[in-house]
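If you're matching them up, the sequences are chains A and B in order.
Just so we're aligned, residue 426 is where the first sequence starts under our numbering, counting upward by one.
Just so we're aligned, residue 16 is where the second sequence starts under our numbering, counting upward by one.
What the hints contain is simulated information worked out from the structure, not anything from laboratory work.
Remember, predicted model here, so these are calculated numbers, not experimental data.
Check before you lean on any hint, since a few could be wrong.
As the list claims (entries may be wrong) - Footprint (simulated), chain B over chain A, 3 or more residues, beta carbon under 8 Å:
#, stretch
1, 599-605
2, 702-711
3, 785-795
We put the CB at the ideal spot given by N, CA and C, even for glycine.
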Amino acid sequence: MTRTLATGNHVAGYALALAGEANRDARGCCAGAYPITPQTEIIEYLSDFSFSRGRVVLVESEHSAMGVCIGASLAGARAFTASSSNGLAYMTENIFSAGYYRLPIVMMAVNRTLGPPWNIWVDQGDSLMMRDAAWLQFYCDSHQDLLDTTLMAFRVAEDHRVMLPVIVALDGFVTSHTQMVADLPTQEQVDEFLPNCLIPHGLKHAHPTTVGGMTMPNETEHHRFEIQQSMENAISVLEEARNEFEGIFGRRPAGALETFEIEDAETILVACNTMARTLHNVINERRARGEKIGMIRLKMFRPFPREELLKAIGNAKRVGVMDRNHSPGSGGIFWQEIAATLIGRNDVLLQDYLVGLGGGDVTPENVNAIIDDLNRRESASTPEWKDTSV
Amino acid sequence: MMEITICGRGGQGGVTLAKIIASAYFLKGKYVQAFGVYAAERSGAPLQAYVRVDDEEITNHNQIKHPDHIVVLDRTLIVPGLDANMKPGGVIIVNTGEDKTDCQEHFSGRDIARVDATSIAVAHGLGTRTVPIVNTTMAGAVARALNLSLSDMLAALDHLNFTGSNKTCAREAFKKVQSFTVPGEIHQPVKADDADHIAHLFDDDLGGMPKIKTGTWATEKPERRHLTPPCNHVCPAGNDVRGFVDAVGNKDFDRALGILLETSPLPAVCGRVCPAPCMETCNRADFDSSVNVREIERSAAELGKRPEPVQSFRDEAIAVVGSGPAGLTTAYQLARLGYPVTMYEAGDELGGVLRTGIPAYRLPRDVLDEEIDYILGHGITVHTGSQLEREDMLRLSQDYQAVFVGTGLQNVSDLDLGGKGLLTPVQGLNFLESVRQGNERLDGKRVVVIGGGNTAMDAARSALRIGADEVRVVYRRTRSEMPAIHEEIEQALEEGIILDELVSPVRLSDSGDGPKLTCQGMVLGPPDDSGRPRPIADTSPEALFDLPCDLVILALGQSHDISILPEGAEIKEGEALLGLSGAPVFLGGDFATNEGTVSAAIGCGVRAARHIHRTLSGEDLFPVLPETVAGPEMIKFHRFPHQAREKVNTLSAEGRRRCFDEVHLGFQAGPNGAGAVSEALRCLSCGVCNQCDRCLEYCPEGILQRSDDEDGYVFDLEYCKGCGVCMTACPRGAIYMTGL
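So here's chain B without its partners, still in its complex pose (with noise of 0.2 Å):
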């Protein structure tokens, strides 16, 4: 009997090579038998086939243990002791290059036929460059160290219908094939252990799945990637979203917190009033519902512990105009990366828009003065009740090595309606300042507010909580045009504001009764420049109708005044000013881009002192962000279960509509950051590895370990086969595969 050993790799095509030569010999009517050890069939796995031939009937069915003949499909099987079993004579037919140090070092003593058969295969076009298929070339080597004729190769090759390359590149290889001894003596046999007992279970290493290198096979690696999850890349304010958020979800307050105040200085009040477009964009969205990123922010500012505050310890001085959220985080900035820093503010108080413009139900003044303090603990110099003109500007360029100037809006757009000595209309931030100044009381007043913006809301219910009997919102657009939070007009409705939408106010008059609000209905026409769609009269007779009213609040925005910049000078954002000698000066905040939110206004902030820090020191701190943002494309949903949004408390309605007292009362589950916690876990953490373990659990081979440093883990690629488990299981695009 005749016996052969053949070492390839799944996919080489070694079991069928056991049959191609089992049938050449069956068809000069010997008994064979040809079989493949089968184990998980993965491509690229080292395997084992066999063939055995006879002129008798063959009754052994165990697996061939000491071959006459080894056929090797792949040179990086060749390992020390894989003849060590073979009997003399035989011949080992191996596929290999010109280079013969591997079958010198290890098969001492035998005969050798070598064949380059990955090139012939490859020429031809069998299999793919990467996995060339070579059981039908080396087929022809077999045939030739075996003393087979080619004929008699060719005809098994026909009986199980190989054609064409196949049948080529064995005829090559026949020709090809160098056969020559390697000189030594041959191994001495591996002795049987003579145990002969089962391994204890629970005290002896039963060895378990050999690990084998992965040699030239595999095609592919996994690497690992961080990318721009969407909430990030849409934060104005620039902050690490997913990154608070994941150490909230690890119940590190300090260390979330911490993360907030790497670029924003107003965490709590973000956590309050920011309109979240994180939370807009947030993949989860529509899979349940986004997470609940403003309400883990507010749980982070008030549980987390803020750093020690920074001294100045540079020289050049720099001056801060305005102390709203662009210039508190110009200032905040620029005082951590050691600078002394002097605040100019024309008010009383520091805050800006913070203060005036937004209602306490909103942002409690102590939430603000919190923050604020924490700010002006980094050493700032503060100047309040300081209105700048033109020449102080060119002062302070003087005086200074850098002037930021983040006045926000101060002029508002104003309207005509006539009805003079009848009731004058007061400016929306007016009157929220009025308010907040306690000096307003509108018990049993009918109040119209015109326009839709937060201004718009924030002055409606201001109204209504310093005792208005009704008030109207009108808006010559849609609900789903207005620029305000849509949790604000939401909020505002269930307090009993009213919101007439179409409607645009034409003339204050006298109705005999009192004043009344002449209006005109509206309809939706085609876009403006804006992409809103444009409101044109509706010149139905009916649409014209009468609102009483005592008081007519305007809030229809408001524009920057440049008066304190030189004649001619151009508004960009982050841009040294031209046309002011001594030092740069940079705008920012609404005065410069009106975007109009808090978080613009402190992205804004981190810009500029980023600028300002460059200019003066050469640093260039602006990170590099990676391009890619993962949007849903990247995540696995299947793998998530749906879980609801943690509920958050609220004053009701009746409760909050007379008092100033905060609407938003935080998570519900507690205490110590339960309920944000369990938020947080929520997050999804889109394209950013959060050791979640499902790659390391996953991996076939078990190739991936945990690591400490930043990557989490390591893939031992010397065993790594490629297959792109991991990328698959990974729930979060953070794995991908790249071409060896």
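If we strip away everything but chain A, and leave its shape as in the complex, we get (with noise of 0.2 Å):
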């Protein structure tokens, strides 16, 4: 283990590198690449890696990216890739492929703001517009909490009870080109938690098959049904890996969900990512002075952890959740499946507040103000807008 000073993109190479080194006594790894504004660097890091059995191929484009990662899969390789906001746009198609075929591909999204207008900066509104493309979804919110949960996507995709490929989302600049510390495992130390990968399905040569052909509309319900079974094993595959994990590495990375001051918080806010931590000492603050106030990061959010949730929330009265996206005409997106969860929770009052889109830099002031608007609510509304800028 060596604790290092480092971006967030380069922690995500590193440990991309470190998982596809892993199954080099097997197929081997590879990526197909492209580089988009902010994860570049992940791609750079990737491409001037030297494997001992795989390769990086720089493609066209994203949606040539994904199909590099599709064909690769089906081959047997670890296959991994990154991109970020209308990079992920164009590469939709392939990606909706990639979980149907049921490939354990792992995609870093660098969240950035889908444009126009053109923006760089962070708001999960690309990774979350893949939420129903059969891809397990986890969000980040530290440099080592993304090592942590990169090493981990590939042992929950691959696993055969689950056998889906992985979305790891981290924000972009805020944690992609941030220098924080982390602590790198050892390659042996990865080896020992990623056994070579095997696709059940995957092409080979002794037994051709084909993939992805016509089927009838009880075969495809049948497919999709067994996906939605799969999703719901992935909680526990999760809960294993996490066991195994501490094991080996000596920490115990986060579960579905990561709780912060629930015990008996009457007020409860979810967020994800680096705006989670941010509340960190605001709660501290507030707990200082007496308040019964609590967080939840949601940590993944494909498959949907409901009951982890429920738990979570337990007696609390108020839960505000800050989105860091917008379904327009809707709302904030975790907010919509916190909803659902919640139906015939008539006890607890659910308020939305779309908070940091575009980028917007969320501080210790804003979070404040929002959890005084929830404090002082008697009723929920719609979505909340906060501008970060005042």
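Join the two chains, each given in its own frame, into one complex according to the hints.
Printed below as a string of structure tokens:
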């Protein structure tokens, strides 16, 4: 284990390279790669890396980058890539293919606002656009969380009870371009944690098959049903992986949710990524003043951890959701999911806050203003827009 | 937790400095965070970077609003309120020279650590003189100000693989830091606006992108220039070709004609007969096809309104001898300047070769008459039928303050082909004059024209029009060497004229069945003095052949008749002639230069008038034109769409070959010059701004504004970063970057 100071992108690249190397005794690894701000450094890092068995394939578009991953994964390689924003949008068709092909590809989504208007800063709308693509989705709040989650992503994706691709999302610039401290594992540790990748429905020369052919409605329905079951399996597979991770790396990564001071909390904020970490100090200060307030960091978005969330909310009276994303005509996307989870819980006041859209700098002052608003409320309203510039 | 804000400019290494500082603390076992605020990455743009240092894991990810310390990498970034939200007790570490004024003015009550990092970095070659990279140098100053040891900071530089000058500079800055406290009270923190709302998109001012002055950062600035377009450069008449085409493009035919009349009084003539070298040199020629300038000029002359003629107001009387295009232009230009002008013409009508040498199917008489009438409308006195001799010239030079002689080429080249009593060859110009007067018919006759110039083509096509059965043009070189306007050759062939290339006439004799012209086949040899290949007789027996003919027309070129000048006088365009007492005499047109085109003669006339005016008044009207010609290398062709030429109407070959109706009928698209406007819009406006707004649209700073002055735009250089996007965006080379 080495402690290092590095950008989030380099930490992600390092984790992908370790995972790719860990499959060197099997079919190796492969990345289809196309640059886009703010994820380009990940691709650069991988392109500089000398894989024992595997390669980075530079292509002409995001659509093809995912195409390369699909082909490589079907051939048995551990496949991964990275993209952002409009690049993800362009990749979409093949993202759905990878999900419905059930290929355990891992993709770093460095969150960036979808344009136009042109904007390079963080907003989770891009990865959340892939909500229904049969991919698992993890959201990371720190460099260490990013590294650990990336390794966990391969472990969960390749588990035969799951066998689905994973998006690992991190904040553009706020994580990707910030230098922070992280503890890096050794290759041997990763080798131990990640067994060789084995894709049961992969293409094999000795037994030629085809994938993705025409199916009738009932077969398609069955295919979707199996995916739903696999998604549900992922939560317990994740728990197993956490235990094993702790045994090998000596620290326990976060699970589907991370909670902070929720024991007796009457007011709970739900957030994700670095915005959730900014809540730590605010909650500590308010706790010191005697306020019963806590925070839930939503780390896993797909599958959506309903049971875990209900348990964490417990008897809280007020739940505020901080959404750094926006579904026009509805509101925050996390809020929609949580509202669906809380159906029947009329004792909870659930309020959505759209905050930090387009990369707005979310400060402790902004968070305090949200908490004040939440605590003052007698009823919920339509999603509340919180401008971070004032 | 300690928080540091770094204020720098893109390219100075501010984000790396954050990383260096963070590394120094990281290596001492601290938790750290270092990040920049990323925007459109652009050299010189102000940016901020942040460092957090703590014993505990750092959870805040927001930008630092209340720093403990501030590092300023560029003195020009010191603005009022920079330290407004800084906590008390910290240090502002500034890269600045000896002058403390900025700090004293803006950092009241603060502790300052000052070092001239720019000088240190420049001295050790970090970055360039204009854009020094000061981050590693400032790292030394930061170490000193924050009570880190120099070795802590050098360890951080080692950790990040900085070596050599970077470490030397850090050491030097560490030693040279000067600390002082600015007297006065610390500025009160700026109270945050209590408003907690989304600004209403349509009602409120969202502020937009901040405008920040460039300060000393920019190294280059854009400047506008007017180059000489290639068409203007080669126009023998000196017309502002681009200018009048641009005016037509703007549907302003009056202005277009006004621009033409500044130089040439004969735009309707040139719009028909000019060989248009502007079209050969047009930058568009190799892109799709050159702009049809000649046809646009004709439209301008037809649709524009001529200004009221100027009447004479000066005393110096001037004589102009000869009324061809050179004489007409000289007279017109001098009359416009207010001189009383008297013209002397040997023939019965004015126009010289325009009238006698160019057939009506190329230049209708009424078109010529209209332009001459406008010229004469400037109060010019005319004496026709005045054949002047040497003595008359001496008289004129005493009666007038200046004399211009532009009598053209009166002597024609002859060729003795023998065949006396059988058939007498006629001279092309005499033939054309005779045709013009309606004295000729050639029904059923076979005609051979000898020569390759415009007179040969005019004679051949005229012969056809007065009934000739067969017309041949024999030329001793090939078609590509023929001096005639290529379009005329093309049209002659369309009309059925036979061109015998590489053929030289030998003798006329009787075939027994009428006259015959014996001809010699030729081959092309090495170039002669004119640069064209020399024709050499083909020695093979079949190279000699006979052409039966009823008429032979000679069109072998002309020379001037200098008998009216004193003996030994040298002919040199535009110079006062020596040896004549009295007034200066100026020569011009074909008489002096033998350039042989209407536009060259007009150019001569313009220059002669300017010479005469300068001699008489001392005023110099010769324009100073930009030397640089905007060649194709200046044009960004990829910014222009391909577009075919506007179609023009011509009489069909069948419809025109037996009559003198005008062949060219102008642009098809009309009325009101729609075709001309559309064709004019094909002009690339090479090297001259035509206010296309592309620079304004592309400027990333938005520092260009339209203005009503001649340049059309103003640059706000206080905000210009010198990025050069405007230069790159300008499709016609009218913007360039120059050092500051």
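Check whether three or more residues of the stretch 785-795 of chain A sit with their beta carbon closer than 8 Å to a beta carbon of chain B. The restraint on the stretch 785-795 of chain A holds, since 6 of its residues have a Cβ under 8 Å from chain B and three suffice.
Closer than 8 Å, Cβ to Cβ, for at least three residues: run that test on the stretch 702-711 of chain A against chain B and report holds or violated. holds (count 4)
Residues of the stretch 599-605 of chain A with Cβ under 8 Å from chain B, three needed, outcome: It holds, with 6 qualifying residues against the three required.
Of the numbered hints stated above, none is contradicted by the structure.
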